[in-house]
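Colleague: Read off the chains here:
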Amino acid sequence: MERVLNKAIKIKEHLNEQYIEIKKDDFKDACVYLYEEKHAILRLMFATDERQIDGVFRIYAVFSIPGIDRFFIIVLPLKEDDTTFPSITPDIPTAHWYEREIKDMFGLTPKGHSDLRRLVLHDSFPTNSHPLRKDWNITESDLKEWGEGIKQKEPYKFMEVEGDGVYEIPVGPVHAGIIEPGHFRFSAVGETIFFLEPRLFYTHKGTEKHFESMRLFDGVRLAERVSGTSSFSHSAAYCMAVERIAGIEITEKAKAIRTLLLELERLYNHIGDIGNMCAGTALQVGYANGAIIKEKLMQLNERLTGSRYLRGVNVIGGVTKDVFLQSNDILSTIDTVTREYKEFMKLLLGSVSHIDRLENTGMLSKEIAQKLGITGVAARASGINDDIRKAHPHLLYDMLEFEAHTMARGDVLARMMVRAEETECSISIINTLLESNYAGALAAGINDIPAYSSSLGYAETPRGPVFYWVMSDKDGKLFRVKLRSPSYCNGPAVPFAVHGNIVPDFPLCNKSFNLSYSGCDM
Amino acid sequence: MFKEILKNLITRKPSIPFPEGFDIPPEEAVKIVSLREKIDTIFGRSLRIRQVDAGSCNACEWECTALTNPIYDIQRFGIDFVASPRHADVLLVTGPVSRQMELALKKTYLATPEPRLVVACGDCTIDGGIYKGSYAVTNGVANVIPVDCYIPGCPPTPIQMVLGLHELLKKLT
Ligand code: SF4
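Protein chains in written order, with this note's numbering: chain A, 394 to 915; chain B, 3 to 175.
Isolated chain B, as found in the complex (with noise of 0.2 Å):
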């Protein structure tokens, strides 16, 4: 591994390359970079996400899981995933809200500091999606708390969250 990472810097390749949902068009690539600008200037450089699952089927879940890895690396762009919803700026929300999450939902919510910034991630979370109907979830997350904005997809690639997170951003402004 020391063998690589000093060849990495002799020949200065990124360690680990790109992957190829990376090859987007270059104004998508500079909505990514001016995330960066964004998240200083607005958040003082770090912007933290708490993360509920509320009935997800836990592929949302896994993508978020895959926005820390080393290849998506969402941390270098100041963000990052935390424990508590009293460190977070952002909530992200995933799943259609089963009833039996509605109030866990809910307490999170209030304890999260103001501004708490509501993203809701996948398409269960828009109106219930697969599960819209079913008497156990709530059709959708504005149903029980409210929405700053939506990322849809089933689920959302972490590249599209990454672009989304950057729509949320530049409503702030």
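Bound conformation, chain A alone (with noise of 0.2 Å):
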């Protein structure tokens, strides 16, 4: 590290995380010897304008080394008439989505990146305007005119691929399926898919910059709509960034509940997406069952905090309801549900044909997963050993026993089968931690924030990490809200996936990833 450091201009130390600015000429040789050399991963990248602060933007990268609970961000300020900046995608893959948004929302040009294309905002969003600057603003009939949709300020292109026989196949932005919009371009020969360019973000809806216009304590319900599904690691990871500027440590009851509900959300999603991968192969039985257990922990959810979905639980500062208080309804569900799954599971298995179906299909090499950043459950299935519980404890799970559950194969089959072991090391952790009794209050007094501090906030979504990086302004608001969703790391991994596949298997690859839009497009 010596070496990075010896380069830095400023370093500050905010619990686990340092932030390292340095200048222009290090920034891509810090970056790269963090990421070569001690083999880091590159969680997140965003920018920041905080020119009414100090005059400058910034670019922050955040790195974390396995093994270490510690977050190396490497900060570069851009004064306002240099608006570009090395870009290290020809080095970090990962980067290379992070870095064209920064350019879609701040008008910051990575200076080396071989794709400058748009990639959050579509064709017709007028040119030279980029939203997250706080100075931006943008007029009616500019807004009209991208929602038409007719006059296109910056077309697209589409990569072509050509050859005899390749023909292309557009799908989408609105599905057959009840599922979330985004547009597939399949160039395929014969049934082969050859290649697969998908154009996402037709969710976008502003949410970054939607937080600014927000107080710290109302962002949590906003943080809890981002992504349906993980309501409840998206509030959690909030309140933790908003907790940790604030200084505020919530009591071990509020941590047990956060702990307890985290779980029972990968449980209902993770029987979920295994009942929904029968669905890519027409094993209806097995859909029904996966749809059946899904249903009841949804009930049960719904009993324990009155949203199916666990909304209003979380707040700065704790939780709002006792969980432990129907601990019984929790312990005889978990015990059916416990049993129905093991069923469930042993008809998928002995299916010969699903598994057939499953094998060999939608397969994501460990050395591509590595190179592009993913994350999750999708890269724990192509054998990356990463779960955020593991790699940065935080709530209870520092004292909680398990395994992260990878497998080598990074097959459909591999995806299905991490979920199925976290399923039951989920079931296990639920059953440990109604054991025994949490003392303190449910919610921790609040101290005052901070102004313009910042810190992360994270928790393993039933996909993967989730991060946001909060940063407070000086009347109690949200200055900029960075969020970073474990769809959007996964987004690039499906191309890759089903290459060489048929495309009548793409919807299988697909639910084996089981992307959310919403978060991805923020």
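Among the hints, erroneous ones may be present.
Said to hold, decoys possible - Rough simulated footprint, nothing fancy, chain A against chain B, three-plus residues with beta-carbon under 8 Å:
#1 57-67
#2 95-103
Claimed, not checked - Computed cross-link-like contacts, BS3-like style, restricted to lysine-lysine with a CA-CA straight-line distance of at most 27 Å:
#3 K504/A - K764/A
#4 K472/A - K416/A
#5 K108/B - K870/A
#6 K537/A - K109/B
#7 K109/B - K546/A
#8 K504/A - K602/A
#9 K602/A - K134/B
#10 K108/B - K546/A
#11 K400/A - K472/A
#12 K544/A - K108/B
Claimed, not checked - With the Cβ distance kept under 8 Å, some of the chain B side facing chain A (calculated, not the full set):
#13 V54
#14 A85
#15 H89
#16 I132
#17 Y133
#18 A138
#19 T159
#20 Q162
Hint data in this document are derived by calculation from the structure and do not stem from the laboratory.
Keep in mind that this is a model prediction, so the values were computed, not measured.
Here a beta-carbon is modelled for each residue, glycine too, at the ideal position from N, C-alpha and C.
Reconstruct the complex from the two isolated chains, following the hints.
Modeller: Right under this line is the structure:
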């Protein structure tokens, strides 16, 4: 680390975050050093517009090194008149979307990036207009034209595959099932997918900018609504970030409740996902079984919290409901679910036709997964041992005994089996948590929140880790929120996984990743 | 499983118990039953819905999916979700309508045969919900296409959705 620290112009420590501010010439070198020599993972990368504070934009690249519970954050200040920064994508491919996003949203150009097409904003959004700049505004007529989508102000060029027998199949944004919108363009030869280019961000709702109009305390409600089926983990990560800014230590009880509900969220998602994969292989009985178990868990959620999606529980400083009062209900439901789940898995693993479709389908190699920065279930299924609950223990996770489950195969079957093992792990965590009593109030008292301070918050959603980087302003409002959902990391994996598969297997591959477009598109 | 089915056949017990949510007062239950009759008379026994996600957080979609699970089993009322707007009587729209989905939503609407009924499902569809005021959303479905009926809730539970559809049909007579 000496090599990086020696170059620093400013170093700031905050809990397990180390901010290392660096000059432009050293930026790339520092990042590449961490990535190549220390095998660090690029967790997220984003920009801020801090011109009103000290006259600069800043780029933040957040790394963590496996085995060390610490975040190394390389910070690059950029003067207003100098809006380019050295692209790290050629060395660290994980950065490719982050840098394009920074260009869209802040107008800061990554120099040396090979793909500078727009990512987030679509064709009819005005050129040279960057929503996350603090002095940005847009006229009514521009907004209208953006929605109408007729005037293509910056047309997007899809990659074209040429050659004998290659044809294109465009699909979406509106799909046949009850799923989220996204556009997929297949270049196929016969039935085989040669190349797939997804175009996402149809559900872009300006979430990060919208946060900036809110007070820190109200942000929880929005965080809950970023990605429906990860409502609880998103709000837990957001609350954690704000609590770390304010120096609030939540009580043991609140920690236990959050841990429990995070695992309940994982449970209903994993079982639901395993069931949904059956829809991809037309195994209706499997699909129905998964849906029944999932429904039972969601009804438990509703009995515990009043919300099937566990909303309204997290608040800054703790939680609003003591779900341990209903521990008998939890225990008996989990008991039934466990029994049914075991039967369900027996059914699936005994269905040769089902397993046969999953095996060797949608292969994602460890090497590609590592380069693209794939995360969560998809990464673990490709042999990357990374689980934020283990890597950066929080809540009660350092007191619980469990393993990060990995598989080496990287196919759809592996992604199913990782979920299956994690389901059992979640069940045992829930049972363990219910054995003890926890002390403390539901919510801790709230201190004053310091102006212009920032912190990270994180949680392991059912799909993988979610990160919130939150910065307060001087009036108790949000100055900047960067949120990075696992779906954002895993979106680029799908084209690699489907390469060489047949078009009809695409839904199956896609389901095995189970991306949340709303979480990805922000 | 077969043993269970057999047992249920003999005892005439429904194989899957009704969820808590169906513990509704009798007047509500009557509504659900009359839903079936309405569909029989107006739509010739089948009401076909095309769901369009116009930028929702995805929870509303999962509740639509839940409607089709064996517990709620909405198909028994003659209602089903279809793959194409061309086959649909009703468009069920979720989300605040993000600007980047506005055009696709309009096109889907135009691809639906008349009389295309539009149900807007979830708080977001009413006025943008939590996303109200963001530059990237249109603050509600009615700003993009005409709406016949709203189902409030964030997200509405499957039961609320069934009751919402009932409200829509009530308007038709
Ligand atoms: S109404 Fe609520 S649940 Fe539905 S899309 Fe909007 S935020 Fe999500």
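Colleague: Quick one: which hint numbers does this structure break? Sort them smallest to largest.
Modeller: 5, 15 and 20
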